[in-house]
Each structure stands twice: as structure tokens, then as C-alpha cells.
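4 protein chains.
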Amino acid sequence: MAPPATSPASPTNDVRPTRRPGRPRDARCDHAILQATLDMLVEGGAANLSIDGVAARAGVGKATIYRRWSSREALLLEAIGSDTTMMDMPDTGSLRTDLEVYFDGLIERFAKSGGSDVLPHLIEAACYDAEVRGSLDEYVAKRQTPVRTALQRAQQRGEIAPGIDLKVMIDVLVGPVIYRRLLTGGRIDRPFIRKLLDIVL
Amino acid sequence: MAPPATSPASPTNDVRPTRRPGRPRDARCDHAILQATLDMLVEGGAANLSIDGVAARAGVGKATIYRRWSSREALLLEAIGSDTTMMDMPDTGSLRTDLEVYFDGLIERFAKSGGSDVLPHLIEAACYDAEVRGSLDEYVAKRQTPVRTALQRAQQRGEIAPGIDLKVMIDVLVGPVIYRRLLTGGRIDRPFIRKLLDIVL
Amino acid sequence: MAPPATSPASPTNDVRPTRRPGRPRDARCDHAILQATLDMLVEGGAANLSIDGVAARAGVGKATIYRRWSSREALLLEAIGSDTTMMDMPDTGSLRTDLEVYFDGLIERFAKSGGSDVLPHLIEAACYDAEVRGSLDEYVAKRQTPVRTALQRAQQRGEIAPGIDLKVMIDVLVGPVIYRRLLTGGRIDRPFIRKLLDIVL
Amino acid sequence: MAPPATSPASPTNDVRPTRRPGRPRDARCDHAILQATLDMLVEGGAANLSIDGVAARAGVGKATIYRRWSSREALLLEAIGSDTTMMDMPDTGSLRTDLEVYFDGLIERFAKSGGSDVLPHLIEAACYDAEVRGSLDEYVAKRQTPVRTALQRAQQRGEIAPGIDLKVMIDVLVGPVIYRRLLTGGRIDRPFIRKLLDIVL
DNA sequence: AGTTAAGCGAGACGGTACGTCGTGTCTTGTG
DNA sequence: CACAAGACACGACGTACCGTCTCGCTTAACT
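Chains as they are written, first to last, in the numbering used here: chain A, 1 to 201; chain B, 1 to 201; chain C, 1 to 201; chain D, 1 to 201.
Everything labelled a hint here was simulated from the structure, so no lab data went into it.
Mixed in with the good hints, there may be bad ones.
Below, in silico cross-link-like pairs of lysine-lysine (DSS-like), each with a Cα-Cα straight-line distance of 30 angstroms or less [what the hints assert, rightly or not]: (1) Lys-167(A) to Lys-167(B); (2) Lys-167(C) to Lys-112(D); (3) Lys-62(D) to Lys-62(A); (4) Lys-62(C) to Lys-62(A); (5) Lys-195(A) to Lys-195(B); (6) Lys-167(B) to Lys-112(A); (7) Lys-195(C) to Lys-142(D); (8) Lys-142(D) to Lys-167(C); (9) Lys-167(C) to Lys-167(D); (10) Lys-167(D) to Lys-142(C); (11) Lys-195(A) to Lys-142(B); (12) Lys-167(A) to Lys-112(B); (13) Lys-167(B) to Lys-195(A); (14) Lys-142(C) to Lys-195(D).
Just so you have them, the derived chain A footprint on chain B, three or more residues with Cβ under 8 angstroms [unchecked claim]: (15) 130-140; (16) 181-187.
Bear in mind the structure is a predicted one, so any value in this text is a computation, not a measurement.
The beta-carbon is built from N, C-alpha and C at its ideal position, and this holds for glycine as well.
All chains should be modelled from the sequences, with the hints used to inform the complete structure.
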């Protein structure tokens, strides 16, 4: 492997991203800003989150934020996306058991985070800002991954009829949980999950 | 000349309906304000709706608005609640058919209204404002009524096992639709509804 | 004198400024803002005077300032113009004596106010903002009034040749003082004034 | 090959003029910066002149500017001082004639340069920055030199009484012109100069 | 020829102030 | 009292500069 070429353009590779001129962005700023954003989200929710506040808390100038994110929503999206300690899906050999374990984890997660208002905020923003729309879709897809994986395995095992559209299946499993969380305010607990699985599977 | 009752008017007491002194509220203001609110919602969405704007458009002072609603969200909630031309549930004798017809109506309704961003806005507001939380729950419950009715009839007919929790059943039927609408951006059309019902019923 | 007419436009007089609708401006705000401006001018000079600072000090919102003055300079101009405890010109019968007394007062005045940097600031602003230009001219003319008066009296008395252009005469009397104050930093004291008058008169 | 002296170069010691190590400053940068400054002064005035703008226009980094001048005002001062194509005073044998010729040149000079706003800007800056104060005084003194010369010659010739304080005399001659230029906005033309000299001489 | 130390373009950084906008409250005169 | 009009305190917005600070290069003189 060739050592980094000092001449501006070695003809063959140039995989190295050609280093823009000028002082590079300080990675500590990124962390400080994202962390401050998450902290303030927990404390006051998306509605009470101001760029001024984040800047002050992160010990950073506002320009340093706007240099990185074009809008408050872009920042939010990256902030909540950044903590994606991706929940993972167990592989117990039974779809029902897989999902029960998975949703148990989800219940716990919801219990810790208070009434998350970030999602609704982003949903609204996505109505008007195409960029947010795209990022949100990406975020949702990422979150669905574990469920999709479990369903694919189950379909291969024959637990699910081959004709079933897995996309819809995901909606049927995840939709009710989100619906409770966002709209009805209903409890999201073990009995609810059991009944949900009883109906769907 | 019966004076207009300003309170919900419990029938028994208060025969002389406590006509408050001073000039009575002008009902035309209510209409003008709600109409202006709906117009501006259509044009710019909840995010771009300002009380100043509504007041100017309705030809009304801001105080006249705040005299009636305590906050922007309260106004929004009433504005979108006011057009509840309650969708009704047919009674065909078959739950499956009932729901197919009902959801067909819903599809059409969604098609007309553009990307409704009011709901997410209210969801967010509900996280912080208890009053909004209550009103939103009420609104959601009202919207669920037709589905609940159909399910109750079906359970009485024996189409649904008596042990099934109808609340959860509603979540399973409505949740996926809402989930698509708000989060995944997936299509909400006849095939989707068919597959949904195939899985759930 | 007719009592204030209540109908919007009594045809004849209408000297009363027809009272605009809505809440009237609060005169206390004007005072608070101007006073805060003057205080901050004394403390930090025109360069260190920010609208935010004035607003905070006056206990007033920024909008309340911008509602009254279109720019920082407009505010400054009115602030320094507002303290025009117009210096008055004595009438001793002798032009020389008149001016000596007058300039003595001016010396005292200059001694009290530190190095006034407001004037240069406004001069600069006047280069670009026509409105400021006009207001500044007005201000200067007002300041010249006493000297003009004395010169006119002297010309009528025959102390000054009739052919002399009094405008230029004013420039010759005031210009050197301003020049010292703004540019050379030379002392402005009794001996200087004496020598000045010796040369000019 | 005598290396260019970077320090004022006291003549005796330091014959080897202490060439500092490292890359020497690029003289082209000085020119580019000063030129860009003058250009932007003409276009937008001192108020609209930003260091960022000068740097961009001169094709130079900001550090390269701050390495040479400590502040914006220092740069301005040198920029306007740099074009001191010192006006010179003729020696016609008559003070009156000398001054008429000199002021004619000044009129022309003023006519070319638009409303010079640099001077007021520096005057203001001088109120707070001692360094600017000093440089400004120096600048003013330099500008006064021709007039001082003419007056000294005239006093030696006996055209001016020996008791006259020439410093004041300069103020009386120059002050009115500056006063018109900066404050009253009055015309500065031949008739004005004639009247001025009529009064003073 | 290598080392060293500064200059250089570019641009990120923490700040401060700008002028605008929206909120929810208040104060007028008029019905 | 209600109403239109609009002033008010507050606070966030996104932008523009300031003067400082890294970056990776370049440019000489001194080893």
C-alpha cells in the first residue's frame, strides 16, 4: 500500500479525499454540538431547543453550527440518528420469541426516554423540507432493519407464508406501537405486545 | 329572546342562563378566525401559521383570538377538529367488507388533503401542553369511533373471538396506516389495505 | 378654541393630529431609550453603543427602538440633539465681548463632556445615509444660531462691513474651534479664543 | 547584496541588518492589500470596508493583513496616508497669492475624491485607540506643513505681525475649510476661499 | 542537500451585534 | 364587556465581521 503521496495528485488512486485547503473542521466541535443537542433534547424537548442554546452549551459560536447543518432539523436528525445504538434482533429460531425479546427491549428503551417529542417534530419538518424528508426515511429504514431481518429468517424457515409482503408485515408489527406512542397515549407494555402478536401471527 | 348560552348549558339549573354583562362575543369572529386558520394551514402548513397572520387575514385583533383560545395549538386543534365530517362505517354484515369500504373512503380523503402536517405538529405540542394532550386524545378517540363500532358488531356476530382486546385490534388496524402516512412515506392504496386485512383478519 | 372633535375629521381645523387607532406609543419608552443612549455614550462612546445594550439598559425590547428610529444613527442624532440646552448668546453691545462670553461657555461645555466621539460618528454616517445627512445639517444649523444672531446684530450696528458674507464669517469663527476639537487635539481655552478673535475681527 | 532592512535601521550598529530567519515578507502583499483597501474605500466607504473583503479582494489570507497591521483602523490610516502625494505650496512672494493657489489645488482634490468619509472614521477611532490618535495627529501635522511654511515665510517678510501665533493662524485658515467639508456641507469653491482670505488676512 | 523558521492562502473558531419576526399581554378609543 | 388596532417585553432567528487559530505549502537563509 503506497504511503500518502505528497504531490497533489498521484495518478492511480487518489482515494484519499484530496484534503481541502484551509483549517480543517474540528471534530471536537461536532461532538460537543451533538452532545449539547442531545442533552437539551432530554431536558426541554425539541420545542425548547434553540440554536443559541446549543451553541452556548457546547461552548461554540453559532456560525460553527450553521457551517455544519443548514437547519435546526438537520441538526436534530443527526443528533438522534447518532445515538443509534442499533437495537439488535435475537435469533431464537422462533419468530414469536424473537419479536417478544425485541419488543421487550423496545419497551425498556421507551420507558427510559421520556415522551420523545423529537420524532413528531421531524415528521412535521419533513412535510416541508425535502432534505429532512429523505433523512427521516433513511432513519426509519435503519430502525426497521432488525424486524426485517427476523421476518426474512422466519419466511425462509416457512413460519410465514411465502406470499406475504414483508413490508406490510413490518407496518403491521411496528405501526401499532408507534401509533400508541405518538397518538393514543396507550400503554406500551408486555400484555399489549402479547395481544398484538396474538392477532398478527 | 333567548340569550346565547356561552357555557355547555347543563339543562336543569341555570334557566336564566347567566347572561354575562357587557357586549356578547361576536359569533362571526369565531367563523372568520377558524376559516382564516384553515386557509393558512392549507397554504403554508402549521409551521408557517402565525397568530399575527391569522388575525390580519380574519380582520380581527389578536386579543379577540386569545380571548377564545389559550394558545396557538388550542386554535389549531379546534380548527382541524371543526371539519370532522365524521367518516361513517357501513354495516354490510361482514367485517372485512365493512373495513374495505371504510378504508377506501380514507384513502380518498388522504389523497385530497396534501401531506397533512397538522397532526405531527399537535403531537409535538401534546408532549408539553397537557391541555393539548387531552384534546388530542379526544380527537383521536372520535376518529376511532367508526372502526370501534364495526369491531363491536363483528364480535357480537362471532366474527372475532370473544377474548380479543378490541382496543388492541383497533391499534393493529389503524396503526399501520398512520405509520405509513407519518413516517415511512409508503403508499396508502387498495393493495396495501388488502394485504393489511389479509394479515390481521 | 374648539374642544377635540370626536368624529374622525372635522372639516375646518383638524389641527389635532387625528389620533391614530391602536395603543399609543408610550412616552416613557422614548425617555428611557434616549436616556439609556446618552448614558452609554458617556460611558463607552458611540463605537461601543449597541442597540442590544440600549434596549437592555432601558428595559425595553429592541422592536420598541426600531419602531421609533430606523437606524442607530437616527437614534444617536436625536439623543445628542435632545440635550440641546441651547447655548444662548448674550447681547453686550460689542461683538467681541459677545463672542468671548459665548465661547467661554463653550469651553466649559467641552471641558465637561469628554472627548465626544459622537460627532465624527455621525459625520461618517452622513456620508452614506441621506436621512442622517439632513438631520445632521439641521443640527449644525441649530448650533450655529447664536453666533449668527450676534453677527447679524453686529452688522446692523456697523461693527461688520455690510459686504461681509456672514455664512463665511460663521465658518471662520466656528471652524477653527471644531478643527481643534476633532482633528488637531489642540487646547481650546481662553488664550486660543483670544488669538482667534484677534485674527478674525 | 544588501538585504532589505525590515526595522527602521538605526545607522550605527547592526550593519548586518539582523535579517530575521524564515521566509521574508512578500512586498507584493503590502501593495495588493493597500490597493484593495483604497479601492474598497472608494466604492463603499470606511463603514462598508471589512477585513474579510479586503483579504478576498487582494487574494490574501486574513493573517497576512493582521501580520502587518494591528487593526482595521491602522490599515485605513496607512492606506489613506500612503497616497499623500504631498500638496506643495508655491512661493510667489505674496501670502495671499500663495494661499489662493494652494487652496485652488485643494478644491480640485476635494472635487475628485467623493465625500471622504475616512477622516471622520479615523477621528472616531482616535477617541479610543491611542495608536490611531498618534498616527492621526502625525497625519494632520503633515497636511498642515505647506500652510505652515507659507506662513513662516510671510512672517519673515513682515506680511504677518510678529506677535501672531502661527498655530492659531493655521487653524483659522484650515479650520473653516474642514468645517464646511465635514459638517455644514457648504460648497468649497473659489468664492468661498476668497471671502475666507478677505476676512482673515 | 537538509534543516529551520517564518510567510502564505484558505478557512474554521468563539464571540458580538445586527435587524426581523412571532408570542402572549397590555392599553387605547369606539361600539 | 367586546372589538380593531397596535404597542410592549421577551427571545430566537440566520447573517456578517472581528481578531485568532490551525492546516499544508512555499520560500529563503543557515547549517
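Structure-based check of each hint:
no. : hint                     : in the structure
1   : Lys-167(A) to Lys-167(B) : holds, 24 angstroms
2   : Lys-167(C) to Lys-112(D) : holds, 25 angstroms
3   : Lys-62(D) to Lys-62(A)   : holds, 21 angstroms
4   : Lys-62(C) to Lys-62(A)   : holds, 21 angstroms
5   : Lys-195(A) to Lys-195(B) : holds, 20 angstroms
6   : Lys-167(B) to Lys-112(A) : holds, 25 angstroms
7   : Lys-195(C) to Lys-142(D) : holds, 23 angstroms
8   : Lys-142(D) to Lys-167(C) : holds, 29 angstroms
9   : Lys-167(C) to Lys-167(D) : holds, 24 angstroms
10  : Lys-167(D) to Lys-142(C) : holds, 29 angstroms
11  : Lys-195(A) to Lys-142(B) : holds, 23 angstroms
12  : Lys-167(A) to Lys-112(B) : holds, 25 angstroms
13  : Lys-167(B) to Lys-195(A) : holds, 10 angstroms
14  : Lys-142(C) to Lys-195(D) : holds, 23 angstroms
15  : 130-140                  : holds (count 4)
16  : 181-187                  : holds (count 5)
The structure meets every hint from the earlier list without exception.
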